[in-house]
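Work out the full structure: start from the sequences and follow the hints.
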Amino acid sequence: MSAADPAVRIRVEGLGKRYRGEWVLDGIDLAFRAGEVVGLVGPGGHGKSVLLKHLPRLLDADRGRVVIDGHVLGTLRAFELARVRERFGYVFQNYALFDFMTVGDNIAFPLRQLAAKVRPDAAQILARVHQRLADVGLAHAFAQFPRELSGGMKKRVGLARATIADPEITLYDDPSAGLDPVTSSKIFALIDAMHRRVPTATTVVVSHDLDRMRAVCHRWVMIERGKVVFDGVTEAIAQASEVVRRFFGEAFS
Amino acid sequence: MSAVSGFFASIGQAVLNLLRTFGGACLLLGRVIRSLFPPRFDVHETWRQLYHVGVRSAPIVAVTALFVGAIMVLQSAYFVKRTGATSLLGYGVGFTVFAEVGPILIGLMFSGRVGANNTAELGTMVVTEQVDALRALAIDPLRYLIVPRFIAMMLMLTLLMVLGDLFAIAGAALTSDALLGVDWRVLVANLIESKLLDELVMGVVKATTFGVAISCISCYFGLSVTGGALGVGRATNNSVVANATAIFMLDFVVGWIYSL
Amino acid sequence: MTSAASRVLAGVGRPVVGAWREARGLAGLFLDTFVAVARGRVRGREVVHQMYLVGNKSVPFVAITLAVLGLISVFQVATQIKQVIPDFTMLGAAFMQMMVREFAPTITGLMVATRVGSGIAAEIGSMVVTEQVDALRMSNADPVEYLLVPRTIAAAVMMLMLTIVGIICATIAGMLIARSGFDVSFKTFLNFQLLDAGDLALGGTKALAYGLAIPVIAGRAGLTARGGSAGVGRATTQAVVATSFAVIVLDFVISGVSYVVFGQ
Amino acid sequence: MIRFIDIHKAFGARTVLDGVSLDVDTGEVLYIVGNSGAGKSVLVKHLIGLLRPDSGRIELGGKEITWLTEHEFYAVRMQCAMVFQNSTLFDAMTLVENVALPYRKHFALKPAAARERALAKLDLVGMRSAADWLPGDIGDGLKKRVAIARALTLDPSYVIFDEPTTGLDPLAAAQVDDLIRSLKHDTGVTSIVVSHDLRSIFGVADRIAMIYQGKILIDGTPAEVRASRDPIIDQFFNGRADGPMKI
Numbered sequence: 005m006s007a008a009d010p011a012v013r014i015r016v017e018g019l020g021k022r023y024r025g026e027w028v029l030d031g032i033d034l035a036f037r038a039g040e041v042v043g044l045v046g047p048g049g050h051g052k053s054v055l056l057k058h059l060p061r062l063l064d065a066d067r068g069r070v071v072i073d074g075h076v077l078g079t080l081r082a083f084e085l086a087r088v089r090e091r092f093g094y095v096f097q098n099y100a101l102f103d104f105m106t107v108g109d110n111i112a113f114p115l116r117q118l119a120a121k122v123r124p125d126a127a128q129i130l131a132r133v134h135q136r137l138a139d140v141g142l143a144h145a146f147a148q149f150p151r152e153l154s155g156g157m158k159k160r161v162g163l164a165r166a167t168i169a170d171p172e173i174t175l176y177d178d179p180s181a182g183l184d185p186v187t188s189s190k191i192f193a194l195i196d197a198m199h200r201r202v203p204t205a206t207t208v209v210v211s212h213d214l215d216r217m218r219a220v221c222h223r224w225v226m227i228e229r230g231k232v233v234f235d236g237v238t239e240a241i242a243q244a245s246e247v248v249r250r251f252f253g254e255a256f257s
Numbered sequence: 708m709s710a711v712s713g714f715f716a717s718i719g720q721a722v723l724n725l726l727r728t729f730g731g732a733c734l735l736l737g738r739v740i741r742s743l744f745p746p747r748f749d750v751h752e753t754w755r756q757l758y759h760v761g762v763r764s765a766p767i768v769a770v771t772a773l774f775v776g777a778i779m780v781l782q783s784a785y786f787v788k789r790t791g792a793t794s795l796l797g798y799g800v801g802f803t804v805f806a807e808v809g810p811i812l813i814g815l816m817f818s819g820r821v822g823a824n825n826t827a828e829l830g831t832m833v834v835t836e837q838v839d840a841l842r843a844l845a846i847d848p849l850r851y852l853i854v855p856r857f858i859a860m861m862l863m864l865t866l867l868m869v870l871g872d873l874f875a876i877a878g879a880a881l882t883s884d885a886l887l888g889v890d891w892r893v894l895v896a897n898l899i900e901s902k903l904l905d906e907l908v909m910g911v912v913k914a915t916t917f918g919v920a921i922s923c924i925s926c927y928f929g930l931s932v933t934g935g936a937l938g939v940g941r942a943t944n945n946s947v948v949a950n951a952t953a954i955f956m957l958d959f960v961v962g963w964i965y966s967l
Numbered sequence: 078m079t080s081a082a083s084r085v086l087a088g089v090g091r092p093v094v095g096a097w098r099e100a101r102g103l104a105g106l107f108l109d110t111f112v113a114v115a116r117g118r119v120r121g122r123e124v125v126h127q128m129y130l131v132g133n134k135s136v137p138f139v140a141i142t143l144a145v146l147g148l149i150s151v152f153q154v155a156t157q158i159k160q161v162i163p164d165f166t167m168l169g170a171a172f173m174q175m176m177v178r179e180f181a182p183t184i185t186g187l188m189v190a191t192r193v194g195s196g197i198a199a200e201i202g203s204m205v206v207t208e209q210v211d212a213l214r215m216s217n218a219d220p221v222e223y224l225l226v227p228r229t230i231a232a233a234v235m236m237l238m239l240t241i242v243g244i245i246c247a248t249i250a251g252m253l254i255a256r257s258g259f260d261v262s263f264k265t266f267l268n269f270q271l272l273d274a275g276d277l278a279l280g281g282t283k284a285l286a287y288g289l290a291i292p293v294i295a296g297r298a299g300l301t302a303r304g305g306s307a308g309v310g311r312a313t314t315q316a317v318v319a320t321s322f323a324v325i326v327l328d329f330v331i332s333g334v335s336y337v338v339f340g341q
Numbered sequence: 252m253i254r255f256i257d258i259h260k261a262f263g264a265r266t267v268l269d270g271v272s273l274d275v276d277t278g279e280v281l282y283i284v285g286n287s288g289a290g291k292s293v294l295v296k297h298l299i300g301l302l303r304p305d306s307g308r309i310e311l312g313g314k315e316i317t318w319l320t321e322h323e324f325y326a327v328r329m330q331c332a333m334v335f336q337n338s339t340l341f342d343a344m345t346l347v348e349n350v351a352l353p354y355r356k357h358f359a360l361k362p363a364a365a366r367e368r369a370l371a372k373l374d375l376v377g378m379r380s381a382a383d384w385l386p387g388d389i390g391d392g393l394k395k396r397v398a399i400a401r402a403l404t405l406d407p408s409y410v411i412f413d414e415p416t417t418g419l420d421p422l423a424a425a426q427v428d429d430l431i432r433s434l435k436h437d438t439g440v441t442s443i444v445v446s447h448d449l450r451s452i453f454g455v456a457d458r459i460a461m462i463y464q465g466k467i468l469i470d471g472t473p474a475e476v477r478a479s480r481d482p483i484i485d486q487f488f489n490g491r492a493d494g495p496m497k498i
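Chains as they are written, first to last, in this note's numbering: chain A, 5 to 257; chain B, 708 to 967; chain C, 78 to 341; chain D, 252 to 498.
Honestly, the hints are just simulated from the structure, not real lab data. Note that the Cβ used here is the ideal one computed from N, Cα and C, for glycine as well. Mixed in with the good hints, there may be bad ones.
[Claimed, not checked] Computed footprint of chain A on chain D; a stretch qualifies when at least three of its residues, placed anywhere within it, have a C-beta under 8 Å from a C-beta of chain A:
{"no.": "1", "region": "369-382"}
{"no.": "2", "region": "390-397"}
{"no.": "3", "region": "418-428"}
{"no.": "4", "region": "444-454"}
The following block contains the structure:
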């Protein structure tokens, strides 16, 4: 184990993932620290979402490993993995709202699934759900079903569900995909607000919306053809390689 | 009162759905036939569909027919063992396989394999705007997508029925030889001399009508998909159910016409 | 080894390896499902809800198909008997026996495979493709327990119920055609003389076997769906074929075993 | 010249277009912008008969096309091509077969001749080297370029782009923007682009029309739009979360 930097919460070591014979992730080494907001960027379809899904072990690595607070995810048994996953909040690209449940039940679901001794009672859950719905500006949508909502509203419900338990690690997979500029800004404002609620939390955002990410992300990681080609703060982009500078465009150089 | 009215409402809903499907499929059949005389459809796509439909369903139909023949022998084995009428075995098996159980089971497997796939494929093309893209390229989706599939399914199910009958006989012969000790040559000879040509032809005619119904119904559901992945799944499910119902209805109608 | 030879071997090998991996995956899923049921991780309310979806919605569908089948088979058998020896006393008894042993469970099984099999694959498939299954896993709800177990129990129970409904409808239809076409009175038609415990056991075993196989096979097709709406379409098609095929194979196996072991 | 005159369109209770009038001059690149669900795509789909207005008239090249039948619209679609948001390539065919399809269907070209013409169009979008690949083998950015090549096979005088850069990474989006810009210079094609990508709006547009609550809120050059002090326009074009805009 390299020198254990106390603040490092997630360490990705030599991570590799193969689809139909091609290495989508080809040796990724990264560290995510408490209190950081990291922007994960890169050309489309080059493994960003795949990397994100490895952190809570929704996908199993073909090579290398993910370590969270000293636990190697690959070796954990089911109930240990459950404890680790409870510390995660995941906003999915395709919304992933349960279309057979109302908006309120969707958001309450993570709390209701907690182990009995940790689970708040029904009244507390309802109160928190209503509060969180108000936070994302959808207080009226409690009893509606996901199919009745617009894209932007579904994204906000997904965000409310992912952050209902104030998780230590929050992952956003393309949160503003296909949304217009104003709705996108609302989503990123919420990401920022969520981070302020739990300043020690680690937040990772996968997106192409560089202009809006700039206001929220402290650090950027760029992945191209399955490898990390840049890992640094916004100011460092100007000195980065030609490929990186071209990707971010003039606004960043 | 609401429970009772709810019950009638659901029956009304079911009848309405049935009529809407029946109407939609018939309208589609009309438009397909109109574009057959004079023949205006994409030949290249038709060849591709013939291969696509035929190759995908030949193995499943053959294996199904093998089991159908075997089950029919098992079924009448109990009867034959008690009465010792082994000579009736050939006639009994041949009759049910060619005229009745063969067409229905092969039709069902074909509807599952090709019908469901057709609805899923067309549904996906509608949901990903590929059908609109065809129209935007001034290409008529009916003549480019639907007619080739109609021709492929009708022809292929008819041919596969004959293939199925052969495999069913093989299945029956094998099982009777292995389980009943009735030599397979006896069964086959007995079957041939029971002059079941009418039943065989009826089975093939049934297969053709099934092919027409399955293609129209599966295309109708494919083209009327709404609402992303869930919509495609639901349309495929409805299509398979409607195909199965149509197979049973047509089986009865063709059987009744033949008996006149 | 020349590339042509290796290509041929690969061509042969690939489906075999694929089939083996599929069988192993399916066996694993059966095990997980039954372990979950054995451990009592079952949500009663959801099972009842699924019973409504599986059973209630399929009743008209099974009733119509079995009635039509009953009509056809009595009509066929009666016309045959009329040509040989016009004695219809055993018509009803033979019909009842064939219906209980063979047609009711198998045809109902095929209908449930078509309707319920594709339904389960479509539903679970679209949940996988829209990442709802990943969302379940993030909240420690195991997809097999949460989605597949209720559907499996509901399908197994409903399969038995629907077979009984099927037998009733087929018998009623058979009775009517027997009387109107061949003036066989209801009383003579409804004779259960030939029916014994063995027939009921055989029919029941088949229905239960189909009821357990269909949801798990369809569930596997759903859980392995990949790639947007095209993936859901493929999963649904695969489920219909796999479940229908399983019904036919199980019918053959159970009939064969019962014939060899019990001689009937 | 394209004219939309007082177009109304509603889907059930939801009114999407509430009296939209808009002109498109020959040879210009007009961007139609607005928030999601404002009816941008709905408006342009009327132009090639994928949708029919509840009321109002549409003219293309001086001819009224509002109430043509589906069959009569084929002639209009030969003139006015459309590139859809998710590139709609046919998965079962290779890229060059996709592009050759219109040649085969409309000009009854032999497969070899159709392939030749298609390769030329693929060259135009820099995709000739990937001619025999399948759509599944390439990323979204490249698929979009092949879709554009396919739309150009009919040598249309108008091309509609439905959110061409949505979901693309900045690099791929910039390449698609370059393609639209070069189309105008090389072939003088009139382009209508539906988009809400601020980078590409201000990078490519000759003129911008914004739809808000079913009506045209502004219709002018990028400079006029930037100068506007209307709070809603200001909020949208600066992509600010808070403001009077109701979504």
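Now the hints, each set against the structure:
no., hint, in the structure
1, 369-382, "violated (count 0)"
2, 390-397, "holds (count 3)"
3, 418-428, "holds (count 8)"
4, 444-454, "holds (count 3)"
Violation of the numbered hints given earlier is confined to hint 1; every other hint is satisfied by the structure.
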